[in-house]
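Add chains P and V to chain U, keeping to what the hints say.
Listed below, chain by chain, are the residues.
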Amino acid sequence: MASPEQGADDFLAGFIDDYYAECDEHLTTIRRLLSDANPAAARGMPAGTIEELFRAFHSIKGLSGMVELRDAELLAHHMESYLRQLRARETVLSSQGLDALIGGTSLLERVIAAHREGTSSPVIAPAIEALAIVSVPDLTGRPGTERETSIEQPLGTAWSVVFTPSAALAARGVTVDRVRTRLTEIGRITGAAPRVDDAGGITFEFVVESVQDASVFESWANDGIVSTQRAAHSPEIAGHAAEPATGGSALTSSHFVRVDLGRLDELMRMIGDLVITRARLGESLAKIEARVPAVEWRTVQENSHSMERQLRDLREGVMRVRLVRIGEIFERMPFVVRDLARESGRGVELQITGQETEIDKYLVERMMDPVLHLVRNAVSHGIEPAAARRASGKDETGLLTLSAASVGDLVTIEVADDGRGVDVDAVRKRARAIGIAVDEGPLEGRELLDILCAPGFSTRDTADRAAGRGVGMAVVRNAVQELGGVLTLDTVRGQGTRFLIELPLTLAITDAIIASVGGQIFAVPQSSVREVIDVPAESVRALENHEIMPYRGGVLPLLRLASVFGLIARPGRTLHVFVIGSGASAVGVAVDRIHTQREIVVRTMTDPLIRSEGITGATDLGDGRVVLILDLLRTARLASEASAAQALRSGA
Amino acid sequence: MKSIVIVDDSPTIRRMVRAALAGIPAGRFIEAASGLEAIEQLTLGPVGLMVLDLNMPDMHGVEVLQFVRRHPAFRSLPVIVLTTRGDDESRRIAMEAGATLYLTKPFVPQVLAGHASDLFASPQAAQEGHRGES
Amino acid sequence: MKDNYILFTVVDTTYGVASQDVAHVELVEDVTRVPNAPQHVDGVVFSRGAVVPAVNLRARFGFERVPVDARTRLVVVQREGRSVGLIVDAAREFVTIPSETIHPPAEGLTGTTGKYLRGVATIGGRMILILDVTELLNTNELAAQEK
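Protein chains in written order, with the working numbering: chain U, 1 to 652; chain P, 1 to 134; chain V, 1 to 147.
With the rest of the complex left out, here is chain U (with noise of 0.2 Å):
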């Protein structure tokens, strides 16, 4: 029988992901607050915020205790014991203790990271070492109900709400939780505190500050709700400190439901073949309407219009459930930028805005290191040293900036610096050293980039550290095109480079198989397969003007896609074979080989010139190549029509 320690660790092993997505959340809040911190301003770090890193801390350290991450479990101990420290104004917070903190969190995040990937832990005592710098020797740990009521200016009238609860406003999802938001939507809450009554029942009393009319409180009377305005001078509710102003985390029970990424990537791929559906729909309506009475029409015509409208509205409404802030990859970047400027020696401040811009949460993760090499490229390579900055009559300290936005259906982030700008010269020079033939002219813009992008161009010694490891702007562009987007480069000598990224809102991703066919990759909507066999070549049988190949017990009709596509298949002892259709009209379709499986953002093929029966369109596998999507379906019905015409025209 086991031992207790065993099923313990068992049990525990079963919540590990919990953990690594509730530590995330956290991070994720922490690096927010982190990047907002100021330590020159005038008040310090505000009690709020103090508050909400503290507990953010105090969290993961009990979670990282109770999964024995041990590493974690200690660093944020210490994490934690330095805002308490901060919170109780023992200590404030200096220059030297932000980048503990940052230091702290940074590792924290790594730690982390290297028990779910089973990799080797990074070392913790240097940062224990730099919070214990800046942290006064700490006496016995006090048990902790220390609260600070912070004294801000009064936001509109004091109201005095009294809430009442019952299984029948529970039952309606009036809860004292639901309570609380409303009226954080409203003001500010002030004090919160529960009250048993004279009749033994219990009521919750908040303060709440609003500059809203009474006319909202009223309308709440229904909900068990009773409000009344507070005199000015009206005692404080005993106990309760104010709610923290920064609005609080996240993780309380909640209005939000975590949703695996999987189940909405289903979501989508339902919804995509209710489009497809409709549209047969309404070809098969178009059949028919010469016999339908124009009444009837009519009214089966706007059904099915607005069934259009719904599901377009539906795939929007799934859509945007994978909005997250870009905020989530530009709230790591102060980290980087301290990080590069103080190894590099330069003085980079950096600025950001609109971190509230959402986007996919699939271009958050694969945006994400893009980015950062950008950023890493203008701090390392844009910004000059604060010695030739004076020369050239700029301020020391080079600015950077961090911006997105959303514009229709695009989301732009853009990258820029007040650094040197771009040598063109050096550039014009470099390319013409690997063969790349350019005029005298202007270097600007699209062919700029192209030759920055070229294969074998770098300026700089790859083993340039700081520069992100040699990866150079070809993979940030194939990123970025990867997602059907657009990199620009603007860029002016002497003062400064921007770098736009412009991204679609909005993405069709499907799971595709990747198959080469004499010589030529092609993706295969993972949909459309239902099988991906090998078959020996000797059994193929030619029967009449076609193939067939045996199939569980059977024969399947074999199609060779290298003679679709007027290709030259590579010979080979054994045929790989797409499965496409279902029953009667199932077929085989053969091609060189199968490679793998991976989710492609498909592109739509438009222009006349290249519309071809049997291609829905192309991807972009990461290296900028174009790589046609086939409908194999399609391609298997035209090739036996194309026989069965052939075989009449020769009588056979």
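Just so you know, the hints here were simulated from the structure itself, not pulled from any lab data. What you are looking at is a predicted structure, and each value in this text was computed from that prediction instead of being measured. Beta carbons: idealized from backbone N, C-alpha and C, even for Gly. There's no promise every hint is true.
[Stated by the list, open to error] Quick list of the computed label-pair ranges, beta carbon to beta carbon:
| id | chain 1 | residue 1 | chain 2 | residue 2 | range |
| --- | --- | --- | --- | --- | --- |
| 1 | U | T184 | P | G114 | 38 to 46 Å |
| 2 | U | M270 | P | F29 | 27 to 35 Å |
| 3 | U | L274 | V | G81 | 24 to 32 Å |
| 4 | V | Q78 | U | R278 | 26 to 34 Å |
| 5 | V | H103 | U | A437 | 29 to 37 Å |
| 6 | U | R342 | P | R75 | 54 to 62 Å |
| 7 | U | M270 | P | R75 | 47 to 55 Å |
| 8 | U | R278 | P | F29 | 40 to 48 Å |
| 9 | P | R75 | U | A214 | 38 to 46 Å |
| 10 | V | Q78 | U | I533 | 41 to 49 Å |
| 11 | P | F29 | U | G622 | 43 to 51 Å |
The following block gives chains P and V in isolation, referenced to the frame of chain U:
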């Protein structure tokens, strides 16, 4: 059917506690993310046991305990305090505020389940003064 | 005025296209072949985030294709909502050609190129053939050609 109210601001911890206590027969589980929500649950139906975190954003667990014990109907409600603070001072304060049992995190699931099961089954045991951690 | 033109060369002949019709000029990177596309369409490339046909002008004008070299460029033209890339031997100049100096194409210039010409201009002793982008992009005669 009496409910077991699990109070902690961390959704992961709530889930862990719930999983640990899953074996308790005739128990309905309710999760609360804050002190106010925990108290609200007392008004919404019969509660047989509360597992209470101390360090929570809106109301400290000790304050929840104090409020609960002031109310005649809940004076005998079994409350297991489950917290990261393991020092004697904290325990003393919690027990004086009315905790039935004081356990620390990280907790051993079977140990928590054992205590919870006992207290849920026979609340009278809770009334017989304070029990220390076993 | 709209007298600005982008010049490019195909087989030693210089052509001009109104710069307002040109989205941009790029290096030619891998062109993906599209099965069953018209003979002079080399395939497709990505340009500014969109999939764009790559029309080989050498092939279009009846010449033999040559491999892409350091000077080869893709001139992306836009007309009536369509973006199409033209593969040319070289493209660099940006000149102003006043409309008075453009003469209608001579009678003798027939054949494939004749149909796409809007006119001819002589600049500094050099003859520049001004192209009609709409005709160049026209697919109707293609369909006729195929049948």
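Inset, instruction - Check the following: the C-beta atoms of H103 (chain V) and A437 (chain U) are separated by a distance inside 29 to 37 Å. - result: holds (32 Å)
Legend entry - Range agreement (Cβ of R278 (chain U) with Cβ of Q78 (chain V), hint 26 to 34 Å): At roughly 32 Å between Cβ atoms, R278 (chain U) and Q78 (chain V) fall inside 26 to 34 Å, so the hint holds.
Legend entry - Hint check for G81 (chain V) and L274 (chain U) - Cβ pair distance inside 24 to 32 Å: holds (28 Å)
Inset, instruction - Could you tell me whether the CB distance from M270 (chain U) to R75 (chain P) stays inside 47 to 55 Å? - result: Roughly 54 Å apart at Cβ, these two residues keep to the hinted range, so it holds.
Inset, instruction - Could you see if the CB distance from Q78 (chain V) to I533 (chain U) stays within 41 to 49 Å? - result: Holds, at about 46 Å.
Legend entry - Range agreement (Cβ of R75 (chain P) with Cβ of R342 (chain U), hint 54 to 62 Å): The hint (54 to 62 Å, Cβ to Cβ) holds, given that R342 (chain U) and R75 (chain P) are roughly 59 Å apart.
Inset, instruction - Can you let me know if the beta-carbon spacing of R75 (chain P) and A214 (chain U) is within 38 to 46 Å? - result: Hint holds: Cβ distance 39 Å, inside 38 to 46 Å.
Legend entry - Range hint compliance [Cβ, R278 (chain U) to F29 (chain P), 40 to 48 Å]: Since the Cβ atoms of R278 (chain U) and F29 (chain P) sit about 43 Å apart, the hinted range of 40 to 48 Å holds.
Legend entry - Distance restraint hint 27 to 35 Å, applied to the beta-carbon atoms of M270 (chain U) and F29 (chain P): holds (32 Å)
Legend entry - Distance restraint hint 38 to 46 Å, applied to the beta-carbon atoms of T184 (chain U) and G114 (chain P): holds (40 Å)
Legend entry - Assessment of proposed distance window 43 to 51 Å (beta carbons of F29 (chain P), G622 (chain U)): holds (47 Å)
The structure agrees with every numbered hint stated previously.
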